[in-house]
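Student: Heads up: the protein sequence lines correspond to chains G and E, in order. Per the numbering used here, the very first residue in the first sequence carries number 6; after that it's consecutive. Per the numbering used here, the very first residue in the second sequence carries number 3; after that it's consecutive.
It is possible that part of the hints are untrue.
[Stated by the list, open to error] According to the in silico footprint, chain E covers these stretches of chain G (three or more CB under 8 Å from chain E):
| # | stretch |
| --- | --- |
| 1 | 58–67 |
| 2 | 123–129 |
| 3 | 155–166 |
| 4 | 181–194 |
[To be verified] So the derived list for chain E, only partly shown, Cβ under 7 Å to chain G, looks like this:
| # | residue |
| --- | --- |
| 5 | T53 |
| 6 | A54 |
| 7 | N58 |
| 8 | V60 |
| 9 | I163 |
| 10 | F242 |
| 11 | A272 |
| 12 | D273 |
| 13 | D275 |
[Said to hold, decoys possible] The list that follows gives simulated cross-link-like pairs (lysine to any residue, SDA-like), each with its CA atoms no further than 25 Å apart:
| # | chain 1 | residue 1 | chain 2 | residue 2 |
| --- | --- | --- | --- | --- |
| 14 | E | K219 | E | P86 |
| 15 | G | K157 | E | A141 |
| 16 | G | K196 | E | N58 |
| 17 | E | K37 | G | V75 |
| 18 | E | K37 | G | N76 |
| 19 | G | K131 | E | H249 |
| 20 | G | K146 | G | N76 |
| 21 | G | K138 | E | P140 |
No wet-lab data here; the hints were simulated from the structure. A virtual CB, placed ideally from N, CA and C, is assigned to each residue, including glycine.
Each chain, letter by letter, is given below.
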Amino acid sequence: MKVLKLFTMVITACLSALISFGHASENINAAGASFPAPLYQAWAYDYNKATGIRINYQSIGSGGGQRQIVNRTVDFGASDDPLKPEQLKKDNLIQFPTVVGGVVLIVNIAGVKEGGLRLDADTLSKIFLGEIKTWDDNRIKALNPKIVLPAKAITVVHRSDGSGTTAIFTNYLAAVSADWKSKVGEGKAVKWPVGIGGKGNEGVANYVRQTSNSIGYVEFAYAKQNRLAYTQLKNRAGNFMTPGFDSFEDAAESGDFDPKKDFYTWLNNTPGKNSWPIAGATFILLAKDKTAQSAKAVKFFEWALSNGDVKAKELIYVPLPKNLKDKIRAYWKQNSL
Amino acid sequence: MKRKNPFDLSFSLLTAAASATVLLLIAGIFIILVKESSLSIEKFGIYKFITAVDWNPVKEIFGAATSIYGTFITTFIAMLIAIPTAIGIAIFVTEAAPNFLKGPIGAAIELLAAIPSIIYGMWGLFTLAPLMSRYIEPALQKTLGDVPVINVLFQGTPMGIDILTSSLILSIMIIPFTASISRDSFNLTPAVVKESAYAMGATKWEVIKNIVLPYSKLGVFGGIALSLGRALGETMAVAFVLGNKHHITASLLDPASTITVTLANEFTEADTDLYLSSLFYLALVLFVLSFVVLAAAKFFLFRAERRHSR
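Work out the full structure: start from the sequences and follow the hints.
Tutor: What follows is the structure in structure tokens.
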């Protein structure tokens with residue numbers, strides 16, 4: 006009997022703990038993209054210190070974030086790629102960007118230094134299509150008259166897992182190359198014509214580092230933290246750009262963020278004179294019909310837009326330009342949040 | 003009849019309930035997998051899904067053949083490396099090693115089994131893959147690359163991120179299972195029988211071949227079946243070094259993909275319903291495959307057991 010009593014006690018204790026946990030209404034529950042997760046968690050920590058409100062952000066991937074907010078199991082969802090306005094209307098959601106991330110190319114060629122190699126949209130897409138096969142191809146040589154390029158085969162390294170980084174990169178290639186658009190297309194995972202796949206940014210970086218004459222793409226923050234040999238890339242205005250905060254900010258400023266389209270846009274191939282051509286914002290999704298929860302989330306992001314830029318830069322995310330922040334605030338008001 | 007103690011009764015009910023959860027779980031998993039993959043099953047059917055080689059998330063065309071092929075080829079090569087090694091280890095530990103070595107080697111094998119698979123993956127990516135691409139694979143190409151027929155296995159640029167590296171890591175992961183179970187069954191060989199053989203003038207090799215191995219055959223098969231199950235389902239270690247490329251290739255130096263690697267790599271970012279459903283479908287295929295393979299292994303074991311006891 007004693008055992009039974011103890012057993013009942015344990016069960017009751019567990020159940021009541023569960024119930025009280027579920028009742029904590031001050032908390033904000035959220036899930037989604039892994040790329041901005043470190044930043045959201047850092048913001049959440051500071052926000053908790055400032056207001057006492059706790060935010061549980063689970064980094065489960067953009068696909069999961071979209072599904073969870075559609076099913077209304079979280080207070081906000083986060084996604085690395087924007088949803089189209091039609092889709093948002095169908096699921097009764099609103100959407101806005103938080104920070105900008107970019108994609109840079111890294112290479113491993115003997116004698117080529119950081120920022121030493123110059124590429125443009127045409128050569129880049131042909132390398133990833135497998136049409137340019139060696140580094141001493143005339144089309145690459147024409148862009149780099151000053152450096153000696155080896156007559157070696159190019160090894161392309163791409164992501165093996167589905168990722169927002171791949172989505173931005175393939176969106177760029179599809180935007181600049183009709184061939185890429187028809188043969189491969191764009192998405193978080195695509196059928197790559199050539200190359201080997203590494204898992205995560207670290208996998209790609211590791212393979213580029215180990216494989217001579219290779220080229221790969223990684224997230225800007227990752228390349229910067231690990232001092233990888235990035236390349237220059239020619240932007241739409243015709244200037245060769247080096248990736249950095251300034252060129253990403255320029256891309257964000259010249260991006261076509263329209264509140265009427267729920268900010269649906271990619272920052273690829275933007276017209277700005279000093280824009281880095283491969284970038285994209287990461288987005289938040291809110292449910293229109295859950296006003297109380299969405300208002301709580303908006304309060305958090307209002308706080309983050311006003312106080313979060315320093316933290317964002319510290320973690321190597323590019324904060325949004327001021328005019329875009331004002332557009333987002335107006336968008337919230339318009340949706341009465 | 004003896005009156006049953008109420009405590010005994012409730013205890014036996016409790017254990018029965020515990021056992022029932024296993025069956026319920028298996029049934030539950032199966033039902034959920036079928037339900038979640040129904041969209042994809044409707045779209046692609048069974049035969050078409052298993053045989054189609056195209057896996058293209060952009061165009062929403064999904065076929066499982068490449069992943070199934072990768073699963074089988076990596077498992078097969080891993081078993082090819084692991085089984086002889088593991089049995090060798092077991093024979094050494096039980097029959098040949100001096101006593102002071104038996105303990106440490108046994109402990110080392112068990113430690114190997116306790117290492118989490120993600121650590122094998124990291125080690126594979128940062129240590130084994132560079133070694134493979136720099137030394138082992140070029141050497142293989144130099145020696146076997148010119149031999150007709152076999153040379154198709156060693157074509158392409160050695161990258162270290164391929165079927166061979168993955169199989170090697172897999173084999174290291176399953177060796178402990180086969181080795182420790184084989185060792186335990188070798189130890190079960192009655193000393194009387196072995197000593198009789200020695201008394202008849204048999205050499206060590208003859209004792210191992212004619213007494214120990216036949217006597218412990220069943221246990222060894224059991225160990226192999228266990229490691230087969232592990233190799234089929236292993237995910238993280240392989241995900242790091244296989245490259246997740248959906249194609250069927252003869253060369254062992256090419257990247258490929260297995261079912262679990264595809265799931266681990268693509269699940270989090272699968273954004274359309276059909277994509278997600280196809281991943282569930284892939285999981286269902288693996289579920290059925292593992293079930294069939296293990297059931298077949300059990301069946302042969304059962305038959306051998308009956309013959310043995312007769």
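Student: Cut-off 8 Å, C-beta pairs, minimum 3 residues; does the coverage of the stretch 123–129 of chain G by chain E stand?
Tutor: violated (count 0)
Student: Going straight from one Cα to the other, do K146 of chain G and N76 of chain G come out at no more than 25 Å?
Tutor: violated (52 Å)
Student: Has the given pair, K219 of chain E with P86 of chain E, been kept, meaning a C-alpha gap of at most 25 Å?
Tutor: holds (14 Å)
Student: Should the interface hint for F242 of chain E be scored as holding, given a Cβ-Cβ cut-off of 7 Å against chain G?
Tutor: holds (6 Å)
Student: Take the C-alpha atoms of K37 of chain E and V75 of chain G, compute the straight-line distance between them, and say whether it is at most 25 Å.
Tutor: holds (19 Å)
Student: Just to be careful: measuring from the Cβ of A272 of chain E to every Cβ in chain G, is the smallest value less than 7 Å?
Tutor: holds (5 Å)
Student: When you check the alpha-carbon spacing of K37 of chain E and N76 of chain G, does it fall within 25 Å?
Tutor: holds (18 Å)
Student: If you take the shortest Cβ to Cβ gap from V60 of chain E to chain G, is it below 7 Å?
Tutor: holds (4 Å)
Student: For K196 of chain G and N58 of chain E, compute the direct alpha-carbon distance and say whether it is at most 25 Å.
Tutor: holds (5 Å)
Student: Tell me if the straight-line CA distance from K138 of chain G to P140 of chain E falls inside 25 Å.
Tutor: Distance ~21 Å between K138 of chain G and P140 of chain E Cα, so the pair holds.
Student: Grab the minimum C-beta distance from D273 of chain E to chain G and call the hint holds if it beats 7 Å, violated otherwise.
Tutor: holds (4 Å)
Student: Okay, the stretch 181–194 of chain G and chain E, do three or more residues pass the C-beta test at under 8 Å?
Tutor: holds (count 6)
Hint check: violations occur at hints 2, 5, 6, 13 and 20; the rest are consistent with the structure.
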